[in-house]
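Visitor: In our numbering, the protein residues as written are 1 to 485.
Because the hints were derived from the structure by calculation, they are not lab data. Do not take every clue at face value.
[As the list claims (entries may be wrong)] Quick list of in silico lysine to aspartate or glutamate cross-link-like pairs, DMTMM-like style, CA-CA up to 25 Å:
#, residue 1, residue 2
1, LYS231, GLU285
2, LYS190, GLU128
3, LYS231, ASP364
4, LYS40, ASP135
5, LYS442, ASP105
6, LYS463, ASP217
7, LYS335, ASP364
8, LYS190, GLU483
9, LYS335, ASP323
10, LYS195, ASP323
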Amino acid sequence: MKYLKYITIAILIFSVQSCSDFLEQEPGKKTSIDELLQNKKGVLTALNGLYRDVEANTRGERYAVYADLQGGNIKFTPTSSGSSRGQITPGTNIKDAYSFEDLADTSNFQSFYDDGYNIINEANLILEYTPSLSDATDSEKNEIIAEALTIRAYTHFLLSLIYSQNYGYTPNASHLGIVYNTESIKAGLKYPARKTAAETYSLIINDLKTALSNYSDSSGLTGPSYSFFNKNNTKALLARVYLHKNDWANAYETANNVITNSGFTLVNSSDLIAQWSQTDLPLSETLLEFSIPKDSEGTVGASMSSYFGYNGTNYAKYVASNDLLDLYETNDLRKQLFFTASLSTLVNGVIVGANYNFTTKFQDNAGYVAFRLSEMYLIRAEAALETNRPDLAMDDINTIRARANATLLTNTTNLKDNIQLERRKELCFEGHLFFDLTRHQKGITRNDGCIANNCSITYPSLKFVLPIPTFNINLNENLQQNESY
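With the hints as constraints, model all of the structure from the sequences given.
Guide: Given below as structure tokens:
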């Protein structure tokens, strides 16, 4: 009976997965896996749907705000209307995770976990069908394989950030990583156990290296090139993975490769503010931005402005904390990437006007910025410092500071702290802070606007990872829960 139960649940999951964008050839029209993936056109349709699913999962509220909210860059706005007008409450999709009180039975991140492994399953299906395509050239098949492998690695990496402690949590990263799926459910029902963190990272890196050996000059998909994985942004992902693995030599080499060989350059100081204010176009230094969803008439379905936008009385839930804003010098151009609005707020039982600071990074039709060149400079700086090249590290930090019109460093004193400070200022609202704190084995301190039951937590903490949803634990008898859940 237990085996039958698992089979039934797995079939249910697979049927739900098959209703995703992945199998939608036209709006509202679905097709079977075998029918869709029998030729190049169908596989490219599936790959396009896979990108839409990746965009939805990364740009979804849970992951899009998680690292900045947990780390202290973000606080909440008051409710704008109704009986709770002026009250400040956490978003319902993030409430328990925000307080480090998420529960396995009712996890805020159930959909993120499920959608992540659905995406991985979709990528595996493409990888399984593509080699036998008779109407595609070897180059075309290799490109499809490269993009699907990268998506598989990227999604596993995001899941590892949420559900596994940082790489240095135990000696040799022997603590639990995540389940790493390299076969689709269609290939056979299995009940895999979690890999160690070391094994997880090894598999991610192997997928990315294999992808890099398969890329051709361009994707077979139509659309803006910055929305698809390619050699440059896959190297950027690999550099980030090496950074989190504390593999400093490879982190330096890979980030340096992107900086010197990608053909991308940092946005000039004179264009920085204007480019962040563009609608429908990313910064010119963007290596990967997942396109915002649009219907056949070009109407935007969703964007990052859903969480950070402001339009008079219509405003989103998340704004910058003073913990973040107070880090910028007066003349730092990045301080202009915030604007202040007075919102009706309940204070001691009375509605008053209070100031809140919205980011200009994600107004209007804003896509999810996955990788940009400035991050590569910051990775190269950190890796240079960790490989005993502090002068090179200082040069890279000063490149970012000079672009922002911030005071330049004149010596390498406290350089490690300055690198982390620069990452927080430069990459805010882009999903890094909490993961940076934990990989440096630091606790969190949230002062301004924190309404959680736990505003400050020291490192290490079992609550720095989320629980694997109970549904999935019940499905797979080999799936081990995180400690304390």
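Visitor: For each hint, tell me whether it holds in the structure or not.
Guide: Hint check results:
1. LYS231 <-> GLU285: holds (15 Å)
2. LYS190 <-> GLU128: Within the cut-off at roughly 16 Å; holds.
3. LYS231 <-> ASP364: Given pair LYS231, ASP364 is violated - Cα atoms ~29 Å apart, limit 25 Å.
4. LYS40 <-> ASP135: holds (6 Å)
5. LYS442 <-> ASP105: violated (29 Å)
6. LYS463 <-> ASP217: Not satisfied, since the Cα-Cα distance of roughly 44 Å exceeds 25 Å.
7. LYS335 <-> ASP364: Given pair LYS335, ASP364 holds - Cα atoms ~19 Å apart, limit 25 Å.
8. LYS190 <-> GLU483: holds (24 Å)
9. LYS335 <-> ASP323: Within the cut-off at roughly 13 Å; holds.
10. LYS195 <-> ASP323: violated (37 Å)
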